[in-house]
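Generate coordinates for the entire structure from the input sequences, incorporating the hints supplied.
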Amino acid sequence: ETGVTQSPTHLIKTRGQQVTLRCSSQSGHNTVSWYQQALGQGPQFIFQYYREEENGRGNFPPRFSGLQFPNYSSELNVNALELDDSALYLCASSSLTGLFYEQYFGPGTRLTVT
Amino acid sequence: AQSVTQPDIHITVSEGASLELRCNYSYGATPYLFWYVQSPGQGLQLLLKYFSGDTLVQGIKGFEAEFKRSQSSFNLRKPSVHWSDAAEYFCAVGNNDMRFGAGTRLTVKP
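Protein sequences appear in the order of chains A and B.
For the first sequence, our numbering assigns the number 1 to the initial residue and increments by one for each residue that follows.
For the second sequence, our numbering assigns the number 115 to the initial residue and increments by one for each residue that follows.
Do not rely on the hints blindly, as some may be mistaken.
[Said to hold, decoys possible] Okay, the calculated bits of chain B under chain A, using three or more residues with CB under 8 angstroms as the criterion:
hint, segment
1, 152 to 161
2, 187 to 198
[To be verified] Cross-link-like lysine to any residue pairs, in silico, SDA-like; alpha carbons within 20 angstroms at most:
hint, chain 1, residue 1, chain 2, residue 2
3, B, K163, A, E102
4, B, K163, A, S95
5, B, K175, A, Y104
6, B, K163, A, H29
7, B, K163, A, S7
8, B, K163, A, Q44
9, B, K163, A, Y104
10, B, K175, A, I12
11, B, K223, B, G176
12, B, K163, B, K223
Note that these hints are calculated values from the structure, not bench results.
Every value quoted in this text rests on a predicted model; they were computed, and no experiment measured them.
In this text, a Cβ means the ideal position worked out from N, Cα and C, and glycines have one as well.
Listed below in structure tokens is the structure:
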């Protein structure tokens, strides 16, 4: 069974640029969630995708957008990067079991904005 | 609005000593509660979860947590800490849109 993978591991961007982060879900999972974890903080929920549709969103501006593909992999896109976007971005895949989503996290992508 | 507070930013315990990490939550209904562990450079690993039933839940790596509705708490415990338990621990509430606490960093002294 393949776990959740994310790419790239690290990247450095300049303020104002755009970035795309990628996530491959664990086998059998149809839901993916994205979180932003700033240094010294807990993860913050960005949004979730279920069967290619956005299924919930946290308090993030529209320049944070996403996609989910038919194979349930996902992308997180961030436009007009700001210095505060520097963080670890975590992807989690899950399936609904009863009433409960058990989320499996990838190792994250470390984004640095200069 | 749902939220989580972890009052202790950093805890140091000696190897073999017992451990309790505190977590308080705010949630309008019966909460789904979780504890995750994060080692440096790693993603989050689920230690245990609670959503109904027995208020004392057992998790992996010898951890347990107790849900106390009257205190809005979900504290994590381990009777004997190992050096490999040194990591960052996060309490979370919610389901598909989890809210995490700020984390407690655990240091284990030899």
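Handout entry: Hints the structure fails to honour
Key = 2, 7, 10 and 12
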